[in-house]
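S.K.: Numbering-wise (my numbering), the sequence shown opens with residue 1 and increments by one.
Hints were generated in silico from the structure; no laboratory data involved.
This one's a predicted model, so the numbers in the text were calculated from it and none came from an experiment.
Careful: at least some of the hints might be erroneous.
Within a straight-line C-alpha distance of at most 25 Å, the following computed DSS-like cross-link-like pairs (lysine-lysine) qualify [said to hold, decoys possible]:
{"#": "1", "residue 1": "Lys284", "residue 2": "Lys89"}
{"#": "2", "residue 1": "Lys340", "residue 2": "Lys315"}
{"#": "3", "residue 1": "Lys383", "residue 2": "Lys350"}
{"#": "4", "residue 1": "Lys350", "residue 2": "Lys340"}
{"#": "5", "residue 1": "Lys54", "residue 2": "Lys89"}
{"#": "6", "residue 1": "Lys340", "residue 2": "Lys284"}
Beta-carbon label-pair distances, calculated as ranges [stated by the list, open to error]:
{"#": "7", "residue 1": "Ile465", "residue 2": "Thr160", "range": "47 to 53 Å"}
{"#": "8", "residue 1": "His285", "residue 2": "Gly131", "range": "28 to 34 Å"}
{"#": "9", "residue 1": "Ala86", "residue 2": "Lys143", "range": "17 to 23 Å"}
{"#": "10", "residue 1": "Pro173", "residue 2": "Leu425", "range": "28 to 34 Å"}
{"#": "11", "residue 1": "Gly398", "residue 2": "Lys89", "range": "30 to 36 Å"}
{"#": "12", "residue 1": "Pro278", "residue 2": "Phe108", "range": "41 to 47 Å"}
{"#": "13", "residue 1": "Arg11", "residue 2": "Lys89", "range": "23 to 29 Å"}
{"#": "14", "residue 1": "Glu445", "residue 2": "Leu425", "range": "17 to 23 Å"}
{"#": "15", "residue 1": "Lys97", "residue 2": "Trp380", "range": "45 to 51 Å"}
{"#": "16", "residue 1": "Gly84", "residue 2": "Arg325", "range": "39 to 45 Å"}
{"#": "17", "residue 1": "Phe323", "residue 2": "Pro278", "range": "30 to 36 Å"}
{"#": "18", "residue 1": "Ala86", "residue 2": "Ser9", "range": "18 to 24 Å"}
Where a beta carbon is used, it is the ideal one built from N, C-alpha and C, also for glycine.
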Amino acid sequence: MAASRRAVSLRWRNFANRLRITDAAAITVAVASAYVFRFGSEATTPAGAEFEAKYLVVSTLLLVAWIASLEIYHTRDCRTFGVGGAEYKRVAQATLKLFGALAIAMVFVHFEVVRGYFAVALPLGLLLLTGNRWLWRRWLNRKRAEGKYLSRVIVIGDRTDVEYVINQIEKNPTAGYEISGVGLPTLEKSTELRSPWYRIPVVSTLADVSRMVEVAGADAVIVAGRLPGGSKYIRELGWKLEATATELVLASTLTNVAGPRIHWRPVDGLPLVHVELPQYAGGKHVLKRVIDIAVASLALLVLSPLMLVLAIIVKRDSAGPIFFRQLRAGRNGEPFYMLKFRSMVQTAEKDLDSLRELNEGSGLLFKIRNDPRVTRCGRWMRKYSLDELPQFWNVLTGEMSLVGPRPPLPSEVERYEKFTNRRLLIKPGITGLWQINGRSTLPWEESVRLDLYYVENWSLTGDLIIMWRTFRAMRSPVGAY
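Make the full structure from the sequences, and use the hints.
M.R.: As structure tokens, this is what we get:
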């Protein structure tokens, strides 16, 4: 098993080396482009040639320092590969802090840097580095789907806690974990895993974990919940795992809280987890509104020819108005009329009661995969979300946001269970986590969970990621009907 672990370690080193090569290539392109942009037509004069030589030295130093900065900030840590935003964040930090340090250094040595040089190198370099990491992430996720580049782990703890952790890991195959076995307090039949996790072997008791790590060739041990023996057992387990270079991972019972809201506060060796309160107002929300106005205005301008064509098609396809106005609940439950291109027959609302028994949705949602009320053009408009384009007007007027929770019907809000109305703490969105995670195929409970997660953890970076994933989802729609 030691040989297996060495093979896994070698594979990750090879992957990191590939990243180093392509990162260096991206940085070289960025620096060379900035150099050419600045001196493309000036090198023919004596003064230009002298100034160009200085920038050649600066460019070489920048290239070396940039590559070194990516190493210093651990941007190729295998624990961040393929999942989450930590990898991108480290790349951005390494780049921005380097350029900040260089700018300060240039002031101290009285070297005048033409702003156009950095204005090209910085954004182009960030773009190329991010794109490079994204392409490698796609490649890595495909390999993980094939069962490669996975970390073998043993999950230990009480049966209920172990099953919860396994369920969360298996819902996200790109996390890069392969469950090799579990360790329970005892090996009695009554404590074996239940369906569908019974296929995962119970390989040890809590007293025998370190030996089973060697046998299974595990790369990590995940501790799920509280264990008999408490912190003393975990500390001693960590000492035992040191000999095999096996990582110890603690699975917190804290769920649905984004990383930026979590902070560690060690107190005399006790790691306390501080969770920031959600923010529903302030500077970030002002900036979100500015982005909403800018993007919605641009979208309405650029997409107006397409919307005109869609309006003509809707009008000619079936009798009725071009737009469908439906009362929805906005922020704090304020009612507003949401706009859509009409994709159903004019009598759709009246026909609803006669179709209740065909409902395929769960909870408060009403969904029919082959809804007879949908028109011919409405079917393909709904498939690609083209019927929702008029909602950019709702965004412009401040009733909706580009990204947010699903806009609910007032009748749904009246039947909300406890805490579900927290979805109304911010504006609803044209798109959101529900839109990129299955749409109509999502169970009601999962839709609520995703909306509440967004409400409490949203960020501008997260909004950009959701908008990008929405664009990709529109090209290959899943769950749209």
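S.K.: Look at each hint and say if it fits the structure.
M.R.: These are the hints, each one checked on the structure:
1. Lys284 - Lys89: Given that 25 Å is the threshold and the Cα spacing comes to 18 Å, the pair holds.
2. Lys340 - Lys315: It holds: about 13 Å lies between the C-alpha atoms, which stays within 25 Å.
3. Lys383 - Lys350: Answer holds: Lys383 to Lys350 is near 23 Å, not above 25 Å.
4. Lys350 - Lys340: holds (18 Å)
5. Lys54 - Lys89: violated (32 Å)
6. Lys340 - Lys284: Since the Cα atoms of Lys340 and Lys284 sit roughly 28 Å apart, the hinted pair is violated (cutoff 25 Å).
7. Ile465 - Thr160: 47 to 53 Å: For Thr160 against Ile465, whose Cβ atoms are near 33 Å apart, the range 47 to 53 Å is violated.
8. His285 - Gly131: 28 to 34 Å: holds (30 Å)
9. Ala86 - Lys143: 17 to 23 Å: Distance hint for Ala86, Lys143 holds at roughly 20 Å.
10. Pro173 - Leu425: 28 to 34 Å: holds (32 Å)
11. Gly398 - Lys89: 30 to 36 Å: Because 31 Å falls inside the window, the suggested range holds.
12. Pro278 - Phe108: 41 to 47 Å: holds (43 Å)
13. Arg11 - Lys89: 23 to 29 Å: holds (25 Å)
14. Glu445 - Leu425: 17 to 23 Å: Since the Cβ atoms of Glu445 and Leu425 sit about 19 Å apart, the hinted range of 17 to 23 Å holds.
15. Lys97 - Trp380: 45 to 51 Å: holds (48 Å)
16. Gly84 - Arg325: 39 to 45 Å: holds (40 Å)
17. Phe323 - Pro278: 30 to 36 Å: holds (35 Å)
18. Ala86 - Ser9: 18 to 24 Å: holds (21 Å)
Hint violations for this structure: numbers 5, 6 and 7, all remaining hints satisfied.
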